[in-house]
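There are 4 protein chains.
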Amino acid sequence: MSFNTFGKLFRFTTWGESHGPAIGCVVDGCPPNINLSEKDIQIDLDRRKPGKSKFTSQRKESDKVKILSGVFQGKTTGTPISMIIQNVDSKSRDYESIKNKFRPGHADYTYFLKYGIRDFRGGGRQSARETASRVAAGAVAKTVLKKIIGNKFKVIGAVVQLGILGCDVKNWNEKEIRKNPFFCPDKKSIKLWEKYLMSIRKAGSSCGAIIELRASGIPAGLGSPIYSKLDADIANALMSINAVKGVNIGAGMTSAFLSGEENSDEMRIVKKKTKFKSNNAGGILGGISSGQDIITSFAVKPTSSILNLRETINKKGKNTKISVRGRHDPCVGIRAVPIGEAMICCVLLDHYLMNRGQCS
Amino acid sequence: MSFNTFGKLFRFTTWGESHGPAIGCVVDGCPPNINLSEKDIQIDLDRRKPGKSKFTSQRKESDKVKILSGVFQGKTTGTPISMIIQNVDSKSRDYESIKNKFRPGHADYTYFLKYGIRDFRGGGRQSARETASRVAAGAVAKTVLKKIIGNKFKVIGAVVQLGILGCDVKNWNEKEIRKNPFFCPDKKSIKLWEKYLMSIRKAGSSCGAIIELRASGIPAGLGSPIYSKLDADIANALMSINAVKGVNIGAGMTSAFLSGEENSDEMRIVKKKTKFKSNNAGGILGGISSGQDIITSFAVKPTSSILNLRETINKKGKNTKISVRGRHDPCVGIRAVPIGEAMICCVLLDHYLMNRGQCS
Amino acid sequence: MSFNTFGKLFRFTTWGESHGPAIGCVVDGCPPNINLSEKDIQIDLDRRKPGKSKFTSQRKESDKVKILSGVFQGKTTGTPISMIIQNVDSKSRDYESIKNKFRPGHADYTYFLKYGIRDFRGGGRQSARETASRVAAGAVAKTVLKKIIGNKFKVIGAVVQLGILGCDVKNWNEKEIRKNPFFCPDKKSIKLWEKYLMSIRKAGSSCGAIIELRASGIPAGLGSPIYSKLDADIANALMSINAVKGVNIGAGMTSAFLSGEENSDEMRIVKKKTKFKSNNAGGILGGISSGQDIITSFAVKPTSSILNLRETINKKGKNTKISVRGRHDPCVGIRAVPIGEAMICCVLLDHYLMNRGQCS
Amino acid sequence: MSFNTFGKLFRFTTWGESHGPAIGCVVDGCPPNINLSEKDIQIDLDRRKPGKSKFTSQRKESDKVKILSGVFQGKTTGTPISMIIQNVDSKSRDYESIKNKFRPGHADYTYFLKYGIRDFRGGGRQSARETASRVAAGAVAKTVLKKIIGNKFKVIGAVVQLGILGCDVKNWNEKEIRKNPFFCPDKKSIKLWEKYLMSIRKAGSSCGAIIELRASGIPAGLGSPIYSKLDADIANALMSINAVKGVNIGAGMTSAFLSGEENSDEMRIVKKKTKFKSNNAGGILGGISSGQDIITSFAVKPTSSILNLRETINKKGKNTKISVRGRHDPCVGIRAVPIGEAMICCVLLDHYLMNRGQCS
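Protein chains in written order, with the working numbering: chain A, 8 to 367; chain B, 8 to 367; chain C, 8 to 367; chain D, 8 to 367.
Be aware that one or more of the hints could be misleading.
The list makes no distinction among identical chains, and a pair is therefore deemed to hold if it is satisfied within one copy or across any two copies.
Straight-line Cα separation of at most 20 Å, SDA-like style, residue types lysine to any residue; simulated pairs [said to hold, decoys possible]:
(1) Lys161 <-> Ser223
(2) Lys82 <-> Phe119
(3) Lys322 <-> Tyr102
(4) Lys323 <-> Phe127
(5) Lys280 <-> Asn107
(6) Lys325 <-> Arg275
(7) Lys328 <-> Val277
(8) Lys323 <-> Glu273
(9) Lys153 <-> Arg363
(10) Lys71 <-> Ala29
No wet-lab data here; the hints were simulated from the structure.
Take the sequences, apply the hints, and build the full model.
Structure representation (structure tokens):
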């Protein structure tokens, strides 16, 4: 069971609503004796937090994390790590205009059908605000993996498609990703993306995005067939992020168009090490990591909250229209980058610990 | 934990290797008092089994299923249903040429790294032969869902892309799907597909495929946020199938290219029932079914076993070459259709049972 | 997996250390639309909290619970309920004398061997302070069960053995249990118990206890054979409480001494209802509730922290002695009564929800 | 979830009914590269099987196990191990006299209430025949533990109380246990036990038993607080065995009667090794193994199938009487010895694997 819990040996449970007093998570299964501070987590939270540029939501959240347990004298103790983030900018707003309407593209309708009750304040639990907790848990996982694997371990994500605009992935530049507000890996695309997104924002519209994640330094042997495959767990992890509608591993959907010769990655021994001549597999064969970089990508649908008037229904079963004002990201996909990275870190650490448990 | 077990309340555990004496599965959590016979399961196994046309593997397996427990006087009892399928056509073959080499695109290399031991007979556990067990479990799930939901319940899959050849999904015809050897939904494409696949087979090559699955009659409210979302569980289920590299829900990866206006499905009340004006969401919002048809698709990479000589390495860490002869599907994606359907049925029944457990 | 999580469909995850800033839990799987307030939980916390009489620890904890999520406008929403309790009376105390020694009977030694790190402040995570979180979760479960089952639902516990002193269970009186500081069900025993426990406290010693729990109004059919049996889950739940060393269901260990005729509970139809002529089974047959009262008992070992000097070893592997001063319960078994009740409520609700999920 | 599955990282799923064609189990999570043959499993099955002496059921089952998967060239491969045991002596018997009556003390009534259907053939799934599968799984666990830990690893059980007759545990003699039909550890008790049990059998009655299990060579550090404690998992494992009503760890229920001084086990360094001066804890502190022997005991209620006439009800809700003829053990507790050992082995291996996964 895993309603609000993710993972098997490294697990986190998240809680909290968009406009409740706070959100947070409990990380369980973290190995002991790892140096961990609030600062390690804050760095990643700051990368996700809203209001950093004009291209994201203007909600003002400092997203300051506090560790309540599981760390003693600067080190993890192996006991659960409880983290809490106060909701600051959730004060009373007028929900009258939308509280009885179901916003198209949002989960208002399905939550109401499932639970028979609706927290209309900013979407309540369905809000992407929950993802701050994931980022906190992911930061713990990343810290552990860095300690265990060393500096060669790295997970980095980038937006490779912004609405209808792609970028040249061959120009992938990590420093660039950290500098621009879009997590764009290709310097040449930034100017155009700026104009494009600004026009979308002004039009009261929104656009989708594709995020690519690259993990390097991953040991071979992670992943447990048949039903805890590394790629299946990654697909589960990424698809669980709000607004995600598609997940690729390596060549992904494109692999359908390839021939067997093009697709399967040939192998060579070079300087006594196994090298693959390509990476269509995305570093995973039979659900188990091969030692290559793990490459995955996912699509985020356009923000459903848009200004333009949309047809919908209300709680009484009547037809109506809705225009969602407020502080929305014109492209929620941008802030999904650190969230995707966090989920990958959690999946990898989980499988790392499982691999130790499972094998002789 | 779920190494070889899939599901939460409706769960199945599979076992068996490609060339062992038998394969099988244990289905647990099946509701009692459902009429179930071996025939109900055999129908679906026959749709998956090899050797049915010249476009699939020529391995001869009757795939006759035997129920060993859990059914008494023709009805399920609520206790585990054990099913067994004898391996018939697994007799001694010469593995000498490949037993010490790692076949590119296969999991030979990663299984060996993980387990330190290799069952070289037809891939052992990594073989897609395991999927027969999934189909058997899925047939149980389908039977239960038909009993619970009634005749409006239906899950049907089709190959919508065969290598570089698509088909016109607007011509989707269920009868047609059942008639042609490709599970192609569009009658107009079949001739061309035949020629194309025959040429690939003759060339000793292979191609990939995209399969689309449509489930109708699904009640709203299935799926448990945040980490047992219906779409995340579907992604997990489909990505766990051998050779699958990408999964879409609804518009999937394409949703990245849409605007908010294009993407979010508007709602209307028509004759006192909720109707959506489109289905980009694939019937799932916030991880919960909306009552619309559930639409999902997945990509299967081209068969890795091809005649053409490929570079690879062997167990001793030496460079070598390999050509995989034998009885292989030129497009494993074709036989993935009933497997995908089976997985969807299992996920849906699981969430159906969970939904009863969770809600008031 | 369930390091710090208990339950399947109704689940809670606890966190926090004896002397950290706070403790708490996240309750997941709670059905929606149930009235729930902090007061519902506080009532049970107050029954467990220390410092209420001279027979329990003098640590002063108000144990005020705060609900941070999962409740909206006074009702549960089906989303996780996060609860937090600040640690108040955990201010700096001199741990110098014990921080490098392993207290006999405590888990200092085993935690240190397992984790390689030790939180010496009041036992850290191993402290029975964690059980406040269980009581909070149990209060939620109880509230839900009362809503679902109605007023006939009741779980009540009592101390039936205090060290070497028993009591007459035939005099079981619920009102009496609520009045005396020992949760003793037999008014006639209280005076003697007072004297006995006072003498133990003055001697710097401690004693054990046996607690009996009775649950009534439980529907038949709860429990899932073979490995989620109701009694096996109860045994697991009670044995997980600090210092518990034995668990009985119904006649328990005593059943070994009975004949088949004495032990098996005969059945009669009385006024169209099934009646059992005895209840040696404790209301559970084959792991499934029979509709009788569920009767279980468990033994709590004597408090390990005693004044009298004991032989032990220290972190450096040297022999030494230890006398544990401080605020300890002379009999921790007393405060285990509300904890046991809480665990039973959680197990029962969990199986109640599972039963709905599993059966047709 | 674990309806018919036991364990976390080392897991087994059992299936099959008393009078179906076969029973069996699938063992998952077994480490690879361990020598394993059917003989390793048969040895333990033979210790449990019926018909070995006049003191057990006269059902004739050869209980021959067959391994269907997971072992290649004599070694485990890390993939699921499927084992099957044919039911031989389950041929048609006249159930007419009992098929519509609920046998007191059995689970007939509760299964029928839960599932609405009843497999009346020898109790169907509720029959203790299922425990043969546990013994098979336990034999795998034992083989793995012997390989990992070495010869110092040992789990041995004995009947220490047969009905009203105890034995002197100080005379515990392993060789003796293997020789007599009662698994009695004290040679001096055997004659008396023989007479006693023969008289019970002749009287058409039955008696209960207490079994003690001792595991030695267990590394310290196994067990995961708070909700995967080693003792809680043992309690769960033993209470899940048919007819078990009580479980003790170490001093168990008796610990209630001890003082703090008597109960807590003092520690000493002797020849650079940690020694405990007693073992009331049963080798477990705070849910984690201490390196001492793990001592646990459990009570088995008397066989419910007895000749003497008993009052009961039938499916139509009418009062009736029943006398259960057939091939029953006068004391089912005897054959519970190898079952208890098997469960302990499974729990220990599971925690051994978890400990590797969890800790740094």
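How the hints compare with the structure:
In the homo-oligomer, the alpha carbons of Lys161 and Ser223 lie at most 20 Å apart inside one protomer (5 Å), although the nearest pairing across protomers, at 43 Å, exceeds that limit. For the identical chains of this complex, Lys82 and Phe119 are inter-copy neighbours only, at 14 Å across copies versus 43 Å inside a copy, given an alpha-carbon limit of 20 Å. In this homomeric assembly, Lys322 and Tyr102 come within 20 Å of each other (Cα to Cα) only inside a single copy, at 14 Å, whereas the closest approach across copies is 57 Å. For the homomeric pair Lys323 and Phe127, the shortest alpha-carbon distance inside one copy (15 Å) is at most 20 Å, but the shortest distance between copies (51 Å) is not.
With identical chains, the CA atoms of Lys280 and Asn107 are at most 20 Å apart between copies only, with a shortest distance of 17 Å across copies and 62 Å within one. Only between protomers do Lys325 and Arg275 lie at most 20 Å apart by alpha-carbon distance; the minimum there is 8 Å, versus 65 Å within a single protomer. Only between protomers do Lys328 and Val277 lie at most 20 Å apart by alpha-carbon distance; the minimum there is 15 Å, versus 63 Å within a single protomer. In this assembly of identical chains, the alpha carbons of Lys323 and Glu273 lie at most 20 Å apart only when taken from different copies (17 Å versus 60 Å within one copy).
Taking the closest pair of Cα atoms, Lys153 and Arg363 come within 20 Å of each other both inside a single copy (17 Å) and across two copies (19 Å). Taking the shortest Cα distances, Lys71 and Ala29 sit within 20 Å of each other both inside one copy (11 Å) and across copies (18 Å).
Of the hints listed earlier, there is not a single one the structure fails to meet.
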